[in-house]
Amino acid sequence: MNQLTDEQIEAIAGKIKRSDKKAFDNFFRLMYPQLTGFAMGYLRDKNLAYDIVQDSFVILWQKRTGIEPEKSLRSYMYRTVRNRCLNELRNHSKVTVSSELAENVMMTVEMKNEDGNVDKDSLINRFREWITALPERQREAFELSRYEGLNHEEIADVMNISAKTVNNHIVAAINQLRENYKQFKHETSTSDE
Amino acid sequence: MNKHPYGYAPDHIISEFDEDLRNEINEIWQLAGSYERIVPEISSNEVESALTDIHARLEISGELVSAGDKIAGWIQHYSRVLVAAIALIALTTFFFFVPKTAVVPYGEMGALELPDGTVVELNSGSTLIYSRLYRFTNRTTKLNGEAFFTVADHGHPFIVQANGVSVEVTGTRFNVRSWTDDPSGETVVSVAEGEVLFYPVLKREQHVVLTAGESSRWSPQLDQPSEPETLVIEDAAAWREHRFVFRNQALGSILHDLERRFDTTIELEATGIENSPLTAYYSQQVHLESVLDDICTVKGLRYTRTTTGYRIYR
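Line by line, the protein sequences give chains A and B.
Position one of the first sequence corresponds to residue 1 (my numbering), numbered consecutively onward.
Position one of the second sequence corresponds to residue 1001 (my numbering), numbered consecutively onward.
Honestly, the hints are just simulated from the structure, not real lab data.
There may be inaccurate statements among the hints.
[Said to hold, decoys possible] Pair by pair, the computed Cβ-Cβ distance ranges are:
1. Arg137(A) x Arg1302(B): 36 to 44 angstroms
2. Gly1309(B) x Ala163(A): 41 to 49 angstroms
3. Ile1159(B) x Gln62(A): 54 to 62 angstroms
[As the list claims (entries may be wrong)] Negatives, chain B to chain A, calculated, CB over 12 angstroms:
4. Phe1017
5. Ala1212
6. Leu1301
Computed from a predicted model, the values in this text were never measured in an experiment.
Idealized CB from N, CA, C, for every residue including glycine.
Build out the structure end to end from the sequences listed, making use of the hints.
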């Protein structure tokens, strides 16, 4: 994945602030898939996720003069997308029930089990379940850190909480996963006997 | 789509745990990263089309305007008088030494009247520069692009300088086409009325005299402009009526014309074809894509849309 350095992001932010269309286009190209995946984590609906991410870029351009390049533009985008996803969930709560798409994804993951390393795949699936089962805020903080590569300050900015709280959430999430994993290893070893 | 499927937990996280737990934390971190997130496979085509949608939305709301487009919004589409006079100076001493510049954005056409009553119609993307002392000490203008001049009869000779060549007249009407980005660096002068002198800058003795219904071309490798040829002036200045007349014109130069008229970008990815000549006529209001269709059919090429315009390839 194209992971931009903080300096690159800051440079891009400065250019967009100065109405540089090219910088905007390139930033979009880099962030669109990642942000859409992030939005789908909330909405489980591909088209809705597309719309929300596109809206967020429209907003970014419209408000470009107010960009503060020294603040992370990456967390700004995640925050905008997250807020819109949460609004969407509030206003149309029906999308929270796992849609057809989410089921399809389940299917594909399970089908992999048949022709691969069963043990590892099932472990991976278990991780997926455990992460989904984490308390909402812990899960968000953990996922932003693990999958989006954001640092604590950026996550704090996205979730509108302090960096200290972010840290607490992530540590708690990891501890929970550790517990789950321990339990899992215990179960598999006893069932082998 | 995981960025670090097998990566270690970052230091700022690992440091939160006791030394003896760290291996375990790394393992958790890695395993948690191995599951496939529900990330849609997005092709670069999908990304581009999403970007096009965003551009369209921003254009409708009038947000996606650069400085050049602002000038464009200011002029009526394909319309009358354009005077984009730039050059704001702090010191009035310098005021008269800074020339005036008229710029017509891509996708627009413009016209301006100079202080002596001479009217200059400018094709898309053209620039005309003239001194603030124009009319008082001289009547010299500099052109990059294509313009049709209707010169007022006045004391000083009226001179257009364009990419190394001069056109000198008194009262007359004529068209000058001279783009710095033209592959052959060619300048073409076509006269509708009266008489002009056409010569390389500083080599006035090598002039060619052109009268109504004649044209001549010059490019830097020539000592002297070509002998006058007769022409249909309406075709030479077809752009004034928003028409296109390409007569044995190099493909590269045609594409530049299209880019300027339609305010777009056309990349030519096929090599060795830039100078290949083409002849075509289009009446008013032709669509860009129908011109591209024709070009591609004739030259055995294909084209595709990009975010900023088009790409032509073999």
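Going down the list of hints, with the structure as the test:
1. Arg137(A) x Arg1302(B): 36 to 44 angstroms: 52 angstroms, violated
2. Gly1309(B) x Ala163(A): 41 to 49 angstroms: 45 angstroms, holds
3. Ile1159(B) x Gln62(A): 54 to 62 angstroms: Since Ile1159(B) and Gln62(A) have Cβ atoms about 47 angstroms apart, the given range 54 to 62 angstroms is violated.
4. Phe1017: Nearest chain A Cβ is 8 angstroms from Phe1017(B), so the label is violated.
5. Ala1212: Ala1212(B) is indeed farther than 12 angstroms from all Cβ atoms of chain A, at 45 angstroms.
6. Leu1301: Check passes; 26 angstroms lies beyond 12 angstroms.
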